[in-house]
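A.B. asks: Fit chain B to the known structure of chain A by using the hints.
Chains as they are written, first to last, in this note's numbering: chain A, 1 to 433; chain B, 1001 to 1340.
Calculated from the structure, these hints are not laboratory results.
Every residue gets a Cβ at the ideal spot worked out from N, C-alpha and C, and that includes glycine.
You can trust all of the hints, since none of them are fake.
Cut-off 25 Å, straight-line C-alpha distance, at most; resulting in silico cross-link-like pairs (SDA-like, lysine to any residue):
id, chain 1, residue 1, chain 2, residue 2
1, A, Lys339, A, Val381
2, A, Lys255, B, Pro1165
3, B, Lys1158, A, Leu407
4, A, Lys104, B, Tyr1301
5, A, Lys255, B, Asp1185
6, A, Lys101, A, Ala428
7, B, Lys1274, A, Ala73
8, A, Lys415, A, Ser404
9, A, Lys275, B, Leu1174
10, B, Lys1139, B, Ala1120
11, B, Lys1274, A, Thr77
12, B, Lys1139, B, Ser1150
13, A, Lys101, B, Asp1077
14, B, Lys1158, A, Thr39
15, A, Lys101, B, Ser1306
16, B, Lys1228, B, Leu1124
17, A, Lys155, A, Thr267
18, A, Lys179, A, Gly253
19, B, Lys1158, B, Ala1176
20, A, Lys224, A, Asp392
21, A, Lys255, B, Ala1284
22, B, Lys1158, A, Trp40
23, A, Lys233, A, Gly246
24, A, Lys275, B, Gln1164
25, B, Lys1041, B, Gly1031
26, A, Lys415, A, Thr228
27, A, Lys429, B, Asp1077
28, A, Lys179, A, Ala159
29, A, Lys35, B, Val1014
30, B, Lys1158, A, Thr267
Listed next, the stretches of chain B that the computed footprint assigns to chain A, with coverage defined by at least 3 CB atoms under 8 Å from CB atoms of chain A:
id, segment
31, 1187 to 1193
32, 1277 to 1287
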Amino acid sequence: MHQLWLKRSLILSLAAILTAVACGTSSSTNAGSVKVMATWTGAEQASFMAVMKPFTDSTGITIQYEASRDQDALLTTRVAAGNPPDLAAAPSPTLLTNFAKTGKVVALNNVVDMTALQSQYSPGWITLGEPLNDGKLYEVYSWVSLKGLIWYDPKNFQAKGYNIPNSWDSLLNLQQTIKSGGTTPWCIALESGAASGWPGSDWVKEIVLSQSGPTVYDSWWQGKQKWTSPEIKLAWQTWGTILGSGDSNVYGGAKNMAATNFGDGGTPMFQSPPKCYMHNQASFITSFFQSANASLQPVTDFNFFPLPDITSQYAGAHVVAGDAWSMFHNTPQAQQMLKYLQTAAAQAIWVKRGGKISPNNQVSLDSYPDALSKSTAQILVATKIAKYDAGDLMPADMKNAYWSAVLQFVADQSKLNSILANLDSVQAKAYTS
Amino acid sequence: MDFSVLLTDIPTLVAVIVGVPLVLAAYIVGGEYLVRRLPDKARPAVRPWIWVAPALLLVTGFLVLPAVGTVIQSFQDNHGNFVGLTNFGNQLSGFPTGGSWIAIRDNLFWLIFYTLGALAFGLLLAVVFDRVPYEKIVKSLIFMPMAISSVATVVIWKFMYAYQPPGQPQTGTLNAILSTVFRQDPRTWVQDVTPILGLFPLNNMALIAAAVWGIVGFSMVILSAALKGIPGDLLEAARVDGAGEITIFRRVIFPLMMPTVVVVGTTLVIFALKAFDVVYAFTAGNYQTDVLANRMYKLLYDHFPSDYANASAVAVILLATVIPVLIFNLRQFRAVEARR
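Next up, chain A with everything else stripped away, as it sits in the complex (with noise of 0.2 Å):
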């Protein structure tokens, strides 16, 4: 009895499967598809699949995407596995630079159109792709950002009668001036989940490389340099002279840099009474800063300076980041994306939304949206000695010391020495394996 109704399910079963396969096969077009991994989610995941639709549209292939902040751990996991996506885009090139020693994602020299890179990319992005010095080429960068903007209410400014400092001589006038104002000149935040502290090595790396020059900066990252040394030692110092003693020159002091968001930093500025002046930050922060107040209008109510030069002799000198592509599998799709991801066109769509600024000379000034970001572009263009984050440079160990460091640094600056002297112990076995 009950097996006429098993074939009985069974054969309905089956017949609604292939109805379903039927129907579904029908719509479906044979173009293929490229998997991809990327870090962007919200607003700028909308923004990625932006740019993609022109491709998606004229060529047909479709986008298989995939986003993780924790990106490290997923896509070690996945490469490990087989698994791997055809394309990633990391905000850290290290990782890439591993799977490119162990051979797993492929050298682009014969994927990408090497003439249109040579010309349309400043050499330093395409050297950066190229961090094997075997001549070939790992990563390509479609858009970048500049670090080392110091963001400030142009109205508060002006109400004090403050001006921009042109020289690191009169960025420590301004600060004390504001200090005896009444007010701390700076906001500084550090938390960021496993991250936290990141905020904080930005200002020591820029530091470093304004100092002591690109040869210096290099070594250090590379491993070569001590933390102990005296030039690197001197960077934390300078950092010390903007936190002040105690820190006291940063708003609600260490406790307060511990335990603020990086994301809302800089938000006190726009209270009235603002509760600093100043606050170090990449130009992606601007966003924050509108979703924290909407009604915040770029270049009337925050603008930016670019953090002064310290050592004249490296005057122009300025810390990036980017987001770099790699290829782990080898089809023809995923050659014509990356091919396309190169393009000015391309990366025009995203720089006409906002938050990014293209390395490419081909998109004009004019598709930057705001005054903001053309500024931005126009430092980037002009930027005589451009090195990419140190941290992001180095081997996730010593990142992560360095961001710990960080911490323990702004909450006890007399323990600078002991600090250091732990990074240079984390440094000797961090580049070994």
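C.D. replies: Okay, now just chain B, sitting in the frame of chain A:
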């Protein structure tokens, strides 16, 4: 939700939808067919194994073998060479702040305060609300956090613990109470390592409190069920004999609930030992709040290439601590079941 991705690989889709039930049906029908061919006496001995075999295979493949692999790996370096106890030495050296010691210390805090906290509050709530008419509503409310993922719990508690500098309007509930009611300076609950009573760092306790809030519904519901299982005439007899309510709880209710308390307690101990999500979402192990599970995660993913050797050693330490509790828990659970 975009389901069109399902249609990109039709053969796999068909294989999964048709193949999986087909194989399962064939296994059941085939197994039963074979059992029927056996002599009558042998059937009861063979039949259970036919049904249990798939589960056994899955457990062996996905749990036992990887666990054995982890143990083997904990005695090797990252290139597969035997290194004896080196990895364990790395974890257990540098007492009190080196190796895994901070994580071990914090796991101990979790073990004590998370377990006792969840048990005590669960018992209190179960006993107190047993006596009110609106019990069901209150219990549902207290059970609700169980349905929230730990990460969401942390998001909620980050608001509870939010900090603004002294003199500013406090956005965090706790600091608002602290500054308006007690006229004290606000504290950074999640970062402040100041020890309470000279022993227990504030931030560890804050993390554990959030976790207890998330789990207390679990212990309350089970303890409440045990409470309801105590015969009413027993309590009646005690009252007739002149026992007060507190005496009844101490001498009648609590002893009868003891086996359930032990089962819930040991389950909580296991939860405490494998604590990860709350710590990861709050501090990611910063500010001396690390626990073993988070340390293992960091060794795997904050390193490149992953430090499988040391991560395995941490995993084995964790496993070795959990297993005795697990066995005790199972025994106790069986004892409770047998008494029913």
